[in-house]
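Enquirer: Here is how the chains run, residue by residue.
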Amino acid sequence: MGRPGVSDRGTSGVAVAAEAGLVASGAGAPTPATAGWVRASPVDAVGLEERAASLASRSVKRETKRAALHLAVRCTDFTTLEGVDTPGKIVQLCAKARRPDPMDRSVPAVAAVCVYPELVARAATELAGSGVKVASVAGSFPAGLGPISARLEEIRWVVAQGADEVDIVLNRSAFLSGRYGRAFDEIAESRHAAGGAHLKVILETGELGSYDQVRRASALAMAAGADFIKTSTGKIPAAATLPVALCMAEAIREHHAATGIPVGLKVAGGIRTAKQAWQYLVVVFETLGSPWMTPDRFRIGASSLLNDLLMQIRKERTGAYQSADSFTND
Amino acid sequence: MADVERVHLDYAPAPESTDVVRLAPRYGLFIDGTFVEPRSGRELATINPATEEHLAVVADAGTEDVDAAVAAARAAADGWSRRPGRERAKLLYRVARHIQERAREFAVLETMDGGKPIKESRDVDLPLAAAHFFYYAGWADKLEYAFAGRRATALGVAAQVIPWNFPLLMAAWKIAPALATGNTVVLKPAETTPLTALLLAEVLAEADLPPGVVNIVTGGPATGAALVAHPDVDKVAFTGSTEVGKQIQRAVAGTGKALSLELGGKAANIVFEDAALDQAVEGIVNGIYFNQGHVCCAGSRLLVQESVAEQVLEKLKARVATLRVGDPLDKNTDVGAINSRAQLERITELVAAGVEEGGELYQPACTLPQRGFWFPPTVITGVTQSHRVAQEEIFGPVLSVLTFRTADEAVAKANNTRYGLSAGVWTEKGSKILWMASRLRAGVVWANTFNRFDPASPFGGVKESGFGREGGVHGLAPYVRLGAVSHG
Amino acid sequence: MDEGGDRIEVRKTYKLFISGEFPRSESGRSYEADGVRAALASRKDLRDAVSAARGALDGWRGRTAYNRGQILYRVAEIMQGRRAQFVAEGAEPEEVDAAIDRWVWYAGWSDKIAQVAGSVNPVAGPYFDFTVPEPVGVVGIAALESPALLGLVSRLAPVLTGGNVAVVLASETRPRTAVTMAEVLATSDVPPGVVAILTGRRGELLPWLAGHHDVDALDLTGAPTELIGGLEAAAADSVTRLVRSTDPLAESPDDVVAFLEMKTVWHPIGR
Numbered sequence: 035m036g037r038p039g040v041s042d043r044g045t046s047g048v049a050v051a052a053e054a055g056l057v058a059s060g061a062g063a064p065t066p067a068t069a070g071w072v073r074a075s076p077v078d079a080v081g082l083e084e085r086a087a088s089l090a091s092r093s094v095k096r097e098t099k100r101a102a103l104h105l106a107v108r109c110t111d112f113t114t115l116e117g118v119d120t121p122g123k124i125v126q127l128c129a130k131a132r133r134p135d136p137m138d139r140s141v142p143a144v145a146a147v148c149v150y151p152e153l154v155a156r157a158a159t160e161l162a163g164s165g166v167k168v169a170s171v172a173g174s175f176p177a178g179l180g181p182i183s184a185r186l187e188e189i190r191w192v193v194a195q196g197a198d199e200v201d202i203v204l205n206r207s208a209f210l211s212g213r214y215g216r217a218f219d220e221i222a223e224s225r226h227a228a229g230g231a232h233l234k235v236i237l238e239t240g241e242l243g244s245y246d247q248v249r250r251a252s253a254l255a256m257a258a259g260a261d262f263i264k265t266s267t268g269k270i271p272a273a274a275t276l277p278v279a280l281c282m283a284e285a286i287r288e289h290h291a292a293t294g295i296p297v298g299l300k301v302a303g304g305i306r307t308a309k310q311a312w313q314y315l316v317v318v319f320e321t322l323g324s325p326w327m328t329p330d331r332f333r334i335g336a337s338s339l340l341n342d343l344l345m346q347i348r349k350e351r352t353g354a355y356q357s358a359d360s361f362t363n364d
Numbered sequence: 006m007a008d009v010e011r012v013h014l015d016y017a018p019a020p021e022s023t024d025v026v027r028l029a030p031r032y033g034l035f036i037d038g039t040f041v042e043p044r045s046g047r048e049l050a051t052i053n054p055a056t057e058e059h060l061a062v063v064a065d066a067g068t069e070d071v072d073a074a075v076a077a078a079r080a081a082a083d084g085w086s087r088r089p090g091r092e093r094a095k096l097l098y099r100v101a102r103h104i105q106e107r108a109r110e111f112a113v114l115e116t117m118d119g120g121k122p123i124k125e126s127r128d129v130d131l132p133l134a135a136a137h138f139f140y141y142a143g144w145a146d147k148l149e150y151a152f153a154g155r156r157a158t159a160l161g162v163a164a165q166v167i168p169w170n171f172p173l174l175m176a177a178w179k180i181a182p183a184l185a186t187g188n189t190v191v192l193k194p195a196e197t198t199p200l201t202a203l204l205l206a207e208v209l210a211e212a213d214l215p216p217g218v219v220n221i222v223t224g225g226p227a228t229g230a231a232l233v234a235h236p237d238v239d240k241v242a243f244t245g246s247t248e249v250g251k252q253i254q255r256a257v258a259g260t261g262k263a264l265s266l267e268l269g270g271k272a273a274n275i276v277f278e279d280a281a282l283d284q285a286v287e288g289i290v291n292g293i294y295f296n297q298g299h300v301c302c303a304g305s306r307l308l309v310q311e312s313v314a315e316q317v318l319e320k321l322k323a324r325v326a327t328l329r330v331g332d333p334l335d336k337n338t339d340v341g342a343i344n345s346r347a348q349l350e351r352i353t354e355l356v357a358a359g360v361e362e363g364g365e366l367y368q369p370a371c372t373l374p375q376r377g378f379w380f381p382p383t384v385i386t387g388v389t390q391s392h393r394v395a396q397e398e399i400f401g402p403v404l405s406v407l408t409f410r411t412a413d414e415a416v417a418k419a420n421n422t423r424y425g426l427s428a429g430v431w432t433e434k435g436s437k438i439l440w441m442a443s444r445l446r447a448g449v450v451w452a453n454t455f456n457r458f459d460p461a462s463p464f465g466g467v468k469e470s471g472f473g474r475e476g477g478v479h480g481l482a483p484y485v486r487l488g489a490v491s492h493g
Numbered sequence: 002m003d004e005g006g007d008r009i010e011v012r013k014t015y016k017l018f019i020s021g022e023f024p025r026s027e028s029g030r031s032y033e034a035d036g037v038r039a040a041l042a043s044r045k046d047l048r049d050a051v052s053a054a055r056g057a058l059d060g061w062r063g064r065t066a067y068n069r070g071q072i073l074y075r076v077a078e079i080m081q082g083r084r085a086q087f088v089a090e091g092a093e094p095e096e097v098d099a100a101i102d103r104w105v106w107y108a109g110w111s112d113k114i115a116q117v118a119g120s121v122n123p124v125a126g127p128y129f130d131f132t133v134p135e136p137v138g139v140v141g142i143a144a145l146e147s148p149a150l151l152g153l154v155s156r157l158a159p160v161l162t163g164g165n166v167a168v169v170l171a172s173e174t175r176p177r178t179a180v181t182m183a184e185v186l187a188t189s190d191v192p193p194g195v196v197a198i199l200t201g202r203r204g205e206l207l208p209w210l211a212g213h214h215d216v217d218a219l220d221l222t223g224a225p226t227e228l229i230g231g232l233e234a235a236a237a238d239s240v241t242r243l244v245r246s247t248d249p250l251a252e253s254p255d256d257v258v259a260f261l262e263m264k265t266v267w268h269p270i271g272r
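Residue numbers (my numbering), protein chains in the order written: chain A, 35 to 364; chain B, 6 to 493; chain C, 2 to 272.
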């Protein structure tokens with residue numbers, strides 16, 4: 035404890051967390067820059083869920099639908115995280131990532147592919163020059179409970195292999211037992227280890243137990259240096275929901291208002307249909323506005339979603355409902 | 006690679022079709038189970054306040070028509086009150102189900118006639134109206150359990166006058182408990198919003214409600230006055246402005262008629278520093294912009310704790326700027342049309358007064374349609390207790406903002422009004438919610454929520470917001486006479 | 002009907018109602034009653050029914066009272082539609098009408114019982130203190146032998162309206178009515194598992210029901226008198242609540258309250 039945090043954050047994780055009232059500690063003095071902005075607002079669950087439900091029922095204009103569908107594709111982190119992922123699988127994934135619909139060149143490439151560390155190098159080769167990023171999970175994904183030295187080393191390793199983006203998990207064991215300083219420090223150290231790659235912190239919201247916790251975890255991760263906060267690993271049944279995304283978006287808005295730093299939001303887990311993607315876009319748009327309607331600040335982690343987006347895009351273009359047979363499986 | 010292209014999500018328009026509504030050019034009065042021509046020979050036109058388009062012509066009932074309606078209600082009263090409760094119940098259940106079947110038709114008509122967004126008429130007004138009939142149907146055959154040890158008997162003929170802000174819902178709130186307890190009804194809808202009441206008459210007839218049990222007389226203020234003053238009426242129920250409520254109370258003085266009043270309000274929506282602030286902002290917005298602020302229990306005064314005032318106002322203004330004002334039939338519209346030209350003038354006048362008295366005006370930029378009656382959602386900050394906009398009911402989408410330092414001060418300011426209908430309290434501290442609730446002089450206290458209605462939940466005011474409750478077992482009381490249970 | 006002509010009727014198989022489905026008894030047994038062969042439920046069927054009921058409890062009690070009332074009203078709608086079938090299977094027409102009306106009556110209690118049975122308690126201190134009635138949980142019901150329909154409805158409706166789930170041991174001599182009622186429940190919006198209806202030998206099944214530790218309350222109104230003592234003793238093993246109505250065909254909110262637990266909550270009042 036008491037190890038210095040990263041770059042412009044300056045002060046130690048424990049001190050910042052202490053100042054925020056997240057943990058009682060006398061160690062370290064907060065700087066004016068850090069004091070106050072790790073504070074997390076309480077969240078009323080009923081009110082939050084009502085707001086999310088009302089956003090979910092927004093009707094979309096025809097002309098906007100096409101742009102929204104294209105945006106959803108451009109914001110997709112096309113993901114495969116399976117024990118059976120082979121180089122062959124990665125080759126196919128990357129080809130689809132670069133050109134999702136071979137029959138329609140106007141469909142843009144996705145934002146990134148997301149793979150396990152072992153497959154990073156191959157993905158980097160396949161995607162060279164395409165503009166599609168390589169994202170890797172790291173840090174003892176998905177539980178995040180390996181030795182910290184190994185977790186940091188894994189981050190450095192995947193970046194060396196060519197990863198542009200690193201997705202790590204929040205240490206829920208530390209967080210839920212009140213060791214906020216520890217959780218903070220690990221993220222700060224991971225941010226440092228990632229170097230020039232951007233860091234997404236997965237909160238695994240399905241395990242946190244309440245929206246208050248989601249808000250607090252969001253604030254903590256952002257204070258510790260996350261470039262993106264992400265809902266889920268996709269490895270447990272409880273995944274992204276609209277209220278959770280709204281809660282995180284509100285936290286991002288608060289953080290931006292207090293510090294001027296725009297953190298991105300990634301929703302992942304269980305998002306399979308274009309309709310769902312659209313609903314998440316609405317939540318982000320209504321809470322954070324058009325500056326967040328870009329892959330630099332919004333991502334959807336998904337695999338089967340892409341084909342549903344393509345089907346909807348083609349339906350908008352041709353007017354006919356599509357069959358899944360018309361789109362590549364990978 | 007930097008992404009320069011930003012996408013602005015555009016929702017409008019997603020218009021609800023009006024095909025489901027079949028408007029007749031003219032409507033008569035619904036008396037004794039059928040539609041009849043008004044003996045007065047007079048009629049009124051009703052328009053769509055969003056477009057100023059003519060919708061239909063309805064009757065303007067005169068004293069002879071009111072006489073006929075009351076006579077029909079009286080003739081039906083004995084039979085209806087003697088009807089076994091379980092049969093009354095089954096008829097009322099039918100009404101509830103029929104309303105559900107035709108919910109879309111009712112919702113579109115309500116929006117066309119009154120100006121409220123279709124999202125609200127569809128998601129709030131209609132489900133609640135059906136639920137009210139469903140709820141009170143279930144009391145019709147259980148009255149012996151509603152008032153322990155007392156026998157509840159119907160009062161007789163109830164005269165009911167309702168406002169234009171929730172036309173169908175107010176009709177349901179009035180008719181359902183009256184019928185459940187064995188009374189018969191003469192209902193006068195508001196002048197600018199008669200159409201859903203007339204469609205309800207159709208539904209009542211389809212449900213085989215006996216003729217005369219419910220009569221509907223449309224008309225202007227004179228019709229209402231005649232109805233209330235009619236000597237053969239046993240009970241008067243009124244929802245509307247405090248001013249008219251006082252006139253009615255004077256009119257029935259000394260007559261022995263039972264009276265219940267649900268009048269105006271100037272509710273304080275109180276936000277503490279320890280509130281869930283983002284949800285509180287949603288609650289503030291819902292509190293005053295729901296139904297364009299045409300709500301007696303609207304949270305029209307924001308009392309925000311000074312320590313978070315700046316933060317809350319910043320969030321509030323950003324949120325208000327996202328409200329969509331426009332075609333009420335568009336499913337994405339948040340704020341619809343002002344109900345009438347007269348109401349628009351009143352709102353405009355009061356807001357001007359607010360600015361003149363020193364308040365600071367915030368209105369988001371929005372393009373308002375050319376035709377129709379519109380007012381943008383408005384926030385007036387820097388308001389003090391003595392300002393007109395802090396004391397007078399505006400009944401429009403206008404929020405007056407005041408600050409406070411302590412809970413005691415919040416209570417004092419909240420109570421410093423002749424009204425007492427509702428109040429909102431936003432804090433995550435449970436004991437403070439209960440402390441505030443015990444001290445606020447209001448008939449309804451919403452904690453960490455606002456504008457919540459349910460047929461099982463009693464609603465009504467104190468002080469000059471009226472007396473009597475609608476909803477819950479308490480909502481039966483205004484329609485019955487209580488006597489001892491007879492033994493043997 | 003089939004007047005010695007050529008058309009052969011399709012005969013109905015009378016099965017159990019568990020988890021929203023109509024399985025035969027896992028024992029494969031059936032018995033003859035009421036002119037037909039009906040499934041003869043075993044203790045394992047009973048075990049499955051209780052398990053399904055437990056699984057359905059949270060969903061059923063978690064709905065709003067209004068929603069439950071609507072669903073129960075829908076049951077009455079479907080019963081009305083099957084009036085002729087009930088009569089053809091032996092119920093008196095007046096009994097069917099009375100059963101439908103009784104179901105409607107109880108449906109209307111779901112969103113009212115809290116105001117009648119609950120309270121705000123004026124304790125001597127700065128506390129807000131309220132008592133709210135909650136469903137007791139899984140209720141085992143011995144329906145009346147006769148009248149088969151009204152007897153079943155009179156015991157089942159008050160249990161469901163309070164938010165409980167039920168495992169019903171139907172009339173042994175008149176199983177057809179119970180199976181038709183099961184069909185009604187299956188085709189209205191009652192979620193699977195909320196009600197199970199088992200036909201069979203009550204003498205065989207009741208002791209298992211009474212002794213089941215995961216049954217929260219027992220309505221023994223329809224149980225054979227000679228068994229009552231033993232059943233009540235078996236119920237004592239898990240402190241199961243016992244209800245025996247002295248006026249089984251009357252209707253009263255007391256029958257709803259009998260299956261409710263009173264929960265009292267305190268909270269300080271203060272700044």
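Keep in mind the hints are simulated off the structure, nothing from the lab. From a predicted model like this one, the values you see are computed outputs, not experimental measurements. Incorrect hints may have been included.
The calculated lysine-lysine pairs, modelled on DSS-like cross-linking and capped at a C-alpha distance of 27 Å, are [to be verified]:
#1 K95/A to K269/A
#2 K251/B to K349/A
#3 K418/B to K437/B
#4 K349/A to K99/A
#5 K336/B to K95/A
#6 K349/A to K95/A
#7 K418/B to K468/B
#8 K99/A to K251/B
#9 K434/B to K322/B
#10 K322/B to K336/B
#11 K45/C to K16/C
#12 K309/A to K95/B
#13 K251/B to K434/B
#14 K468/B to K251/B
#15 K264/C to K437/B
#16 K99/A to K269/A
#17 K16/C to K434/B
#18 K434/B to K418/B
#19 K95/A to K322/B
Enquirer: Run every hint past the structure and note whether it holds.
Expert: Okay, the hints, checked on the actual structure:
no.	hint	verdict
1	K95/A to K269/A	35 Å, violated
2	K251/B to K349/A	62 Å, violated
3	K418/B to K437/B	16 Å, holds
4	K349/A to K99/A	11 Å, holds
5	K336/B to K95/A	11 Å, holds
6	K349/A to K95/A	15 Å, holds
7	K418/B to K468/B	15 Å, holds
8	K99/A to K251/B	54 Å, violated
9	K434/B to K322/B	26 Å, holds
10	K322/B to K336/B	23 Å, holds
11	K45/C to K16/C	15 Å, holds
12	K309/A to K95/B	41 Å, violated
13	K251/B to K434/B	39 Å, violated
14	K468/B to K251/B	12 Å, holds
15	K264/C to K437/B	23 Å, holds
16	K99/A to K269/A	31 Å, violated
17	K16/C to K434/B	55 Å, violated
18	K434/B to K418/B	20 Å, holds
19	K95/A to K322/B	26 Å, holds
Violation of the numbered hints given earlier is confined to hints 1, 2, 8, 12, 13, 16 and 17; the remaining hints are satisfied by the structure.
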